[in-house]
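Colleague: Sequence:
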Amino acid sequence: MKVRARRDPVQWTLREAMQEESLIQVEPVIDYSVRGLCVKPYPNHPKGCPNFDKRETCPPDAPTIGQILDLQRPVYLVYNRHDFGAHVEKMRAKHPDWSQRQLECCLYWQGTARKRLKKKIYVARLKIFEVLSRPAVIPPAQGFRLEVLTVPEACGVNVTATMQKIGIQLEWPPVEYAYQVALIGVRR
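Start counting the sequence shown at 1; every next residue gets the next number (the UniProt record's numbering).
Warning: the hint list may mix true and false statements.
Derived pair list, reagent style DSS-like, types lysine-lysine, alpha-carbon separation capped at 25 angstroms [unchecked claim]:
| hint | residue 1 | residue 2 |
| --- | --- | --- |
| 1 | Lys118 | Lys54 |
| 2 | Lys94 | Lys127 |
| 3 | Lys115 | Lys94 |
Please keep in mind that the hints were generated in silico from the structure rather than gathered at the bench.
Given only the sequences and the hints, what does the whole structure look like? Please build it.
Modeller: What follows is the structure, encoded as structure tokens:
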């Protein structure tokens, strides 16, 4: 009987991340007015996001990007592109009587998308740590800690404009693709 070798999940994820080129060094577009998006009304939430003024990582108490990351050092953007259009069509085939709002409901796709982003963040941290630990990095980044911002808008980053800088146009609301974005940098 032939025994199959186990696939190393880190190597598999590393290959996946490299193929998708979902790790890019960026100069984030800082615009503190985007923190105001948290209080914009949306369906079933007339006062905006229910986490506003409740979580430490949410406005108005969330620290700004400059308070968290050393902006003199490289900042990296990690993203996951979720095929939102395919998800909606799959749900339509499964539930033909559902409304468009039900088909697009984030409860049915956001968990999967966030899980993929989390894997990509893990791989990205390893890659960034390896790069910043090289002796050739000037100034040497000794004793540094990487920080991940999974809700960059809360820290005053205009994600739409930042993604445009790298050639990705976000759809609002998403039709074909939904993106989950995180920033990684050296902690201040």
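Colleague: Decide if the proposed pair is consistent with the structure: Lys115 and Lys94, CA atoms, cutoff 25 angstroms inclusive.
Modeller: With a Cα-Cα distance of about 23 angstroms, the restraint between Lys115 and Lys94 holds, given a limit of 25 angstroms.
Colleague: Taking only the CA atoms, is the gap from Lys118 to Lys54 under or equal to 25 angstroms?
Modeller: Roughly 23 angstroms separates the two Cα atoms, so the pair holds.
Colleague: For a C-alpha distance cap of 25 angstroms, please report whether Lys94 and Lys127 respect it.
Modeller: violated, 40 angstroms
Consistency note: the structure conflicts with earlier hint 2 alone.
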